[in-house]
Every structure is written in C-alpha cells, then in structure tokens.
Amino acid sequence: METLDRPAIRKLMGEVLAVQGKTLPADDAAKLADIGFRSLDFSELALRVEDEIGDELNFEAAGLRSIETIGDVLDLLVEIQGQ
Numbered sequence: 001m002e003t004l005d006r007p008a009i010r011k012l013m014g015e016v017l018a019v020q021g022k023t024l025p026a027d028d029a030a031k032l033a034d035i036g037f038r039s040l041d042f043s044e045l046a047l048r049v050e051d052e053i054g055d056e057l058n059f060e061a062a063g064l065r066s067i068e069t070i071g072d073v074l075d076l077l078v079e080i081q082g083q
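In this text, residue positions in the sequence shown follow UniProt numbering: the first is 1, and each later residue adds one.
Think of the hints as simulated: they come from the structure by calculation, not from any bench. Don't take each hint at face value.
[Claimed, not checked] Straight line, CA to CA, 20 Å or less: simulated SDA-like cross-link-like pairs of lysine to any residue:
| id | residue 1 | residue 2 |
| --- | --- | --- |
| 1 | 11 | 24 |
| 2 | 22 | 53 |
| 3 | 22 | 42 |
| 4 | 11 | 35 |
| 5 | 22 | 35 |
| 6 | 22 | 32 |
| 7 | 11 | 47 |
| 8 | 11 | 23 |
| 9 | 31 | 2 |
| 10 | 22 | 41 |
| 11 | 31 | 21 |
| 12 | 31 | 6 |
| 13 | 11 | 39 |
| 14 | 11 | 76 |
Kindly generate the complete structure, drawing on both the sequences and the hints.
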C-alpha cells in the first residue's frame, strides 16, 4: 500500500479548500473553524487520500473529535494510513 506524507496531504487539503475559493494557510496551527474547513471538507480530503493510496482509511470517532487545527488533520491522516 502506498502512503502519503504530510506535504502531499497538505497539497490535497489545499485543493479541497481551493474549490471553495479558500486558501490553506502556511501555519499548521491555524484553526479549522477560522479557515472554514468543515466536516464535509474533511470527508472530501479523506476520500482523496483513499484514492491516492488505493486503500480505505479507518477512523475512530474519538480521534475525529480531537481535530482542531490543520496540523491535527495532517497528523491523523498520516497516522491512520499506517493502521
């Protein structure tokens, strides 16, 4: 199974936001609420990651609730690829 690193996931995240006319800040500490990154956007990003790696990602609700920043999203998606 192929995996994506943080820069590759960040690029996909920027593409998801660009469709809505939004820009992904360079700061990984930026709050998702502040940039308008919603749960639907997260789902779109996760689907794009799955398409790229050719495998399904397995999420736990507890892990999703702790996501607040861009860095949190990147960390989670990098981590669950290895499971």
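So, going through the hints one by one against the coordinates:
1. 11 / 24: Between residue 11 and residue 24 the Cα gap is close to 9 Å, so the pair holds against 20 Å.
2. 22 / 53: Cα-Cα ~25 Å, so violated.
3. 22 / 42: Holds - the C-alpha atoms of residue 42 and residue 22 are around 14 Å apart, at most 20 Å.
4. 11 / 35: Between residue 11 and residue 35 the Cα gap is close to 15 Å, so the pair holds against 20 Å.
5. 22 / 35: Judged against 20 Å, a Cα distance of about 8 Å means the pair holds.
6. 22 / 32: holds (12 Å)
7. 11 / 47: Measuring from Cα to Cα gives roughly 14 Å; hence the hint holds.
8. 11 / 23: holds (11 Å)
9. 31 / 2: Violated: residue 31 and residue 2 sit about 29 Å apart, past 20 Å.
10. 22 / 41: holds (12 Å)
11. 31 / 21: Holds - the C-alpha atoms of residue 21 and residue 31 are around 18 Å apart, at most 20 Å.
12. 31 / 6: holds (17 Å)
13. 11 / 39: holds (18 Å)
14. 11 / 76: Holds, because 15 Å separates the two Cα atoms, which is no more than 20 Å.
Comparing the model with each earlier hint shows violations of hints 2 and 9; every other hint is respected.
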